Amino acid sequence: MTRINLTLNGRAQHREVEPRQTLADFLRDGCDLTGTHLGCEHGACGACTVLIDGLPARSCIHLAVRADGCDVRSIEGLRDDPLTVLLRRHFHEAHALQCGYCTPGMLVTARDILRRFPAPDEATIRRELAGQICRCTGYVGIVEAIRRAGAELANQPS
Amino acid sequence: MKPPAFDYARPATLPEAFAALLGTEGAMALGGGQSLLPMLGLRVAAPSLLVDLARLPGLREVTETAARIRIGAGVTHAAIEDGVVADPSRGMLRRVAAGIAYRAVRNFGTIGGAVALADPAADWPACLLALDAVAIIAGPDGERRLPLEALLLGAYTTALEAGEILLGFDVPRLGAASRWGWCKLARKQGAYADSIGAVVLPGDGAPPRIVLGATTSRPALLPHAAAALARGEAGATLRDALLGDIEAAEPDADSYRRRCHLATVQRAIAQATSA
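Residue numbers (full-length UniProt numbering), protein chains in the order written: chain C, 1 to 158; chain S, 1 to 275.
Rather than coming from a laboratory, the hints here were simulated on the basis of the structure.
The structure presented is a predicted model; accordingly, all values stated were derived computationally and were not measured.
Hints are supplied without guarantee of correctness; some may be wrong.
Listed next, with one range per pair, are the computed distances between beta-carbon atoms [unchecked claim]: (1) Y192/S - A151/C: 28 to 36 angstroms; (2) L83/C - D82/S: 48 to 56 angstroms; (3) G35/C - A177/S: 52 to 60 angstroms; (4) C136/C - A186/S: 21 to 29 angstroms; (5) A186/S - R79/C: 34 to 42 angstroms; (6) E61/S - L83/C: 27 to 35 angstroms.
Chain S stretches covered by chain C per the calculated footprint, using a threshold of three residues with CB under 8 angstroms from any CB of chain C [what the hints assert, rightly or not]: (7) 92-106; (8) 186-193.
Ideal Cβ placement from N, Cα and C applies to all residues, glycine included.
Bound conformation, chain C alone:
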């Protein structure tokens, strides 16, 4: 076991982890943060996307030991994040989820898209969402929700 110290959803954590444990399993099994979903477990589906030091990361292909000294934020830690609150409302209104399994990763990635591309158009959103798989195939609603959220942001006085 290796000791790690990290900030998780804003709170300092001191934990012992096995080197082989992924960050996703650490969050789900070690910290009871089951909002991080595991789909493919090899970096292809994007359901497990979280933020490491503010950057989207696939927690199924990160080792928990490497999160030592990092700031990790899972979907639970974005509850009051203004951008996530905005996206959640548009996901609701545009019917951007069916079963909800991909939604945590979709929200984390959508947040990153809006941070990097102001008022993104549909082509940009679809390109940037290529790594997030929705097996309900609800992409029309998801893309529309992100587009509407971006448009609302662009119309807000800064």
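Since the structure of chain C is provided, determine the placement of chain S on it from the hints.
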């Protein structure tokens, strides 16, 4: 899809890293981990010890001289995509970086890790070969330099010796008269390539470099096509030279793959030679 058990070391200096890699049978270096972690989950890699290179000093540095820019092996695809590191290639590196996998992968995957793994379908080996880059390699006995042609030996095979670590790449600066082309064929945005065409016209009297990537082995320079292009050939003559070079680069390619390869290289040439 859970990795097998292994030990973990995070050396703070290069000598410690060499010692860790050489001191344990079955030790492997860990870069960004964006390919190695899936391989661990799929159990196609089973190291006894992972030596994490993330905190070694200098691997993320980018240094510039008049003739070239050295890009540290630990620089991420996203850093190159965003233009936060100096670009010797007049946009080629940024274009290539943006097409690698997905942003969450690009945030952590590194240029050195991608080359050291030498996946035949990866983007950086083909791109750096086209740019005539030189790898800087450190080992217990000191540093050595190896052109990409000499570093890349085959699928998942490089000239890196046990205990050696890629420090970075010296990439020659392209001049104002240079042109490049890049065409990657993949089944979807972010997927590994089925074929890659990469073309660099240095424009300073140096010959064109035409590379076919995503073969079943290493990326290959296409010498007859480059010579034909340098002579100003086009049309059927250039096409015949390309087909011969593609046959030599991937002798077992079926007709579909030969057509893919011809298309990507032709499109890259068209990009590089268009007004």
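Now for the hints, and whether the structure bears them out:
1. Between Y192/S and A151/C the beta carbon distance is about 34 angstroms. The supplied range of 28 to 36 angstroms therefore holds.
2. L83/C and D82/S have their C-beta atoms about 19 angstroms apart, which leaves the hinted 48 to 56 angstroms range violated.
3. At roughly 54 angstroms, the beta carbons of G35/C and A177/S sit within the given window of 52 to 60 angstroms.
4. With their beta carbons about 24 angstroms apart, C136/C and A186/S fall inside the hinted range of 21 to 29 angstroms.
5. A beta carbon spacing of about 36 angstroms between A186/S and R79/C agrees with the range 34 to 42 angstroms that was offered as a hint.
6. At about 32 angstroms, the beta-carbon gap between E61/S and L83/C stays in the expected band of 27 to 35 angstroms.
7. Given a C-beta distance limit of less than 8 angstroms, the hint that chain C covers the region 92-106 of chain S holds, as 5 residues qualify and 3 suffice.
8. With 3 residues having a Cβ less than 8 angstroms from any Cβ of chain C, the region 186-193 of chain S passes the three-residue criterion, so the hint holds.
Figure legend: structure checked against the earlier numbered hints; the only hint not met is number 2.
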